[in-house]
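**Student:** In case you want the letters, here they are:
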Amino acid sequence: MDEKPHWPLYEVFIRARAGLDHKHVGSLHAVDARMAMEHARDLYTRREEGVSIWVVPSAAISASDPAEAEALFEPARDKIYRHPTFYDIPPEVKTL
Amino acid sequence: MYTQALDVQGPDAAVPVDEQSLAQRFQARVDREEKIEPKDWMPARYRATLIRQISQHAHSEIVGMLPEGNWITRAPTLLRKSILIAKVQDEGGHGAYLYSAAETLGISREELIDQLLSGKAKYSSIFNYPTPTWADVGCIGWLVDGAAIMNQIPLCRCSYGPYARAMVRVCREESFHQRQGYEIMLRLSQGSAEQKAMAQAALNRWWWPALMMFGPTDAASTHSSESQQWKIKRVSNDELRQKFVDFTVPQAKFLNLSLPDPKLRWNAAEQRHEFGDIDWSEFDRVLRGNGPCNAERLAARRNAHAQGAWVREAASAYAEKQRRRSESCAA
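Chains as they are written, first to last, in my numbering: chain A, 1 to 96; chain B, 1 to 331.
Treat the hints with care, as some may be off.
Unchecked claim - To give an idea of the chain A side of the interface with chain B (calculated C-beta under 10 angstroms), a few residues:
| # | residue |
| --- | --- |
| 1 | V25 |
| 2 | R34 |
| 3 | M37 |
| 4 | Y44 |
| 5 | I80 |
Unchecked claim - To give a feel for the contact side, a few chain A residues facing chain B, derived at Cβ under 10 angstroms:
| # | residue |
| --- | --- |
| 6 | W7 |
| 7 | S27 |
| 8 | D42 |
| 9 | R47 |
| 10 | G50 |
| 11 | S64 |
What the hints assert, rightly or not - List time: in silico DSBU-like cross-link candidates among lysine-lysine, alpha-carbon distance up to 35 angstroms:
| # | chain 1 | residue 1 | chain 2 | residue 2 |
| --- | --- | --- | --- | --- |
| 12 | B | K196 | A | K23 |
| 13 | A | K23 | B | K35 |
| 14 | B | K253 | B | K196 |
| 15 | A | K23 | B | K253 |
In short, the hints are calculated from the structure, not lab data. Note that beta-carbon positions come from the ideal geometry of N, C-alpha and C, so glycine has one too.
Same shape as in the complex, but just chain A (with noise of 0.2 angstroms):
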């Protein structure tokens, strides 16, 4: 086996095409942003599932912790007038 340092994990990034935002499509290992993009192409790619790729190394992304979701997320929900349905407006009343 290689006693070498692992190879750091990239996450991949596909913009099926032109005016959709590029969407998380899974990850690969690669010794730099080169080869990762292309493994990329090769593992992701291979029925002209993209026009763009984007890979970023794993270990720059920030993520919020589950444990936290409560916290973060819940405050939220009792906000429902930020949502159009809150308002009850009569029927007749068009185009609002």
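Given the coordinates of chain A, work out where chain B should sit on it, guided by the hints.
**Tutor:** Same frame as chain A, now just chain B:
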């Protein structure tokens, strides 16, 4: 997200909650059909079960490249060769998706590869059978990939998010594998008497091993009930096997080939095919490492890994050199 290298910004002090209530909350989430993601709390056995299952699955994809790779240089036409290369490349890709999914559970790629090469990890017993003729390549696509798809479709709804997502991608790609295999069989079965005999002989070789791919009977299965409770496994081995038989019998009939099972018959009352007993001693023998090609397959993987060492080293050295150069430019 497919990673465990994320820099999680954790709270300063997590609220201490005892293991049992965490386990209850976990099961409730699974019961509500919520997906479990890498950073979520999960029972240690759930994690271990997934690592075992996903890595075995990944190893199967990688070893599965070998029986078909055997025919790349001898495919009968240039088109068949291109198709086979694309298929084998897909299998390698599937292995890579699955290794990534396993890594989200906290095991490294190196450990996973090491488990395969040391013989510690298992892979699907089916890949320890040889491919002596071109018809065997057809049977692998039709039966082996067909059985794999049947196994994998319920896994697309598995409770563990990264595994489920990998399976969606795999299933999408796998369907061409089965169709190209059936087409090979169709062509051979409509060919000369010799070609038809070749197709029949290959079918005779692969039928029973394909049925064994669904694993032990439900009564003998050691992992099933816990896996079902956790929604890792959603359909039992026997149910999947029955479905596979029911799908495959008419396909074989269309080919005018016979399945090598004298007990096979349609049960109209139960609306299913009855089939003969599987030789589980053969399954155990192959799984324990004594199948026709176990030694050859592992030797091929070890050899490939050893022969590729200089490429990995050179890539690392080159990346390191580039990094140092760009640092010295910046300085």
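**Student:** Now look at each hint and say whether the structure bears it out.
**Tutor:** Hints, verified against the model:
1. Interface restraint check for V25 (chain A): the shortest CB-CB distance to chain B comes to about 8 angstroms, inside 10 angstroms, so the restraint holds.
2. Annotation: interface hint on R34 (chain A) holds; nearest CB of chain B at approximately 8 angstroms, less than 10 angstroms.
3. For M37 (chain A), the suggested interface contact is broken, since its CB lies about 13 angstroms from the closest CB of chain B, more than 10 angstroms.
4. Checking Y44 (chain A) against chain B by beta carbon gives a least distance of about 8 angstroms; that is within 10 angstroms, so the hint holds.
5. Interface hint at I80 (chain A): violated, since its Cβ lies 22 angstroms from the closest Cβ of chain B, which is beyond the 10 angstroms cut-off.
6. Taken as an interface hint, W7 (chain A) checks out: its beta carbon lies about 7 angstroms from the nearest beta carbon of chain B, inside 10 angstroms.
7. Residue-level restraint check for S27 (chain A) holds (minimum Cβ-Cβ distance to chain B is 4 angstroms; threshold 10 angstroms).
8. The restraint placing D42 (chain A) at the interface with chain B holds, with a minimum CB-CB distance near 8 angstroms, inside the 10 angstroms limit.
9. Annotation: R47 (chain A) was flagged as interfacial toward chain B, and the flag holds, the nearest CB pair being 7 angstroms apart, inside 10 angstroms.
10. With 10 angstroms as the threshold, the beta carbon of G50 (chain A) stays out of range of chain B, its nearest partner Cβ sitting at about 13 angstroms, so the hint is violated.
11. Checking S64 (chain A) against chain B by beta carbon gives a least distance of about 7 angstroms; that is within 10 angstroms, so the hint holds.
12. Taking the CA atoms of K196 (chain B) and K23 (chain A), the gap is near 48 angstroms; set against the 35 angstroms cutoff, the hint is violated.
13. About 19 angstroms separates the Cα atoms of K23 (chain A) and K35 (chain B), which keeps this hinted pair within 35 angstroms; it holds.
14. Distance hint between K253 (chain B) and K196 (chain B) is fulfilled; the C-alpha atoms sit about 13 angstroms from each other, no more than 35 angstroms.
15. With a C-alpha separation of about 44 angstroms, the suggested pair K23 (chain A) and K253 (chain B) falls outside the 35 angstroms cut-off, and the hint is violated.
Violated hints for the displayed structure, listed by number in ascending order: 3, 5, 10, 12, 15.
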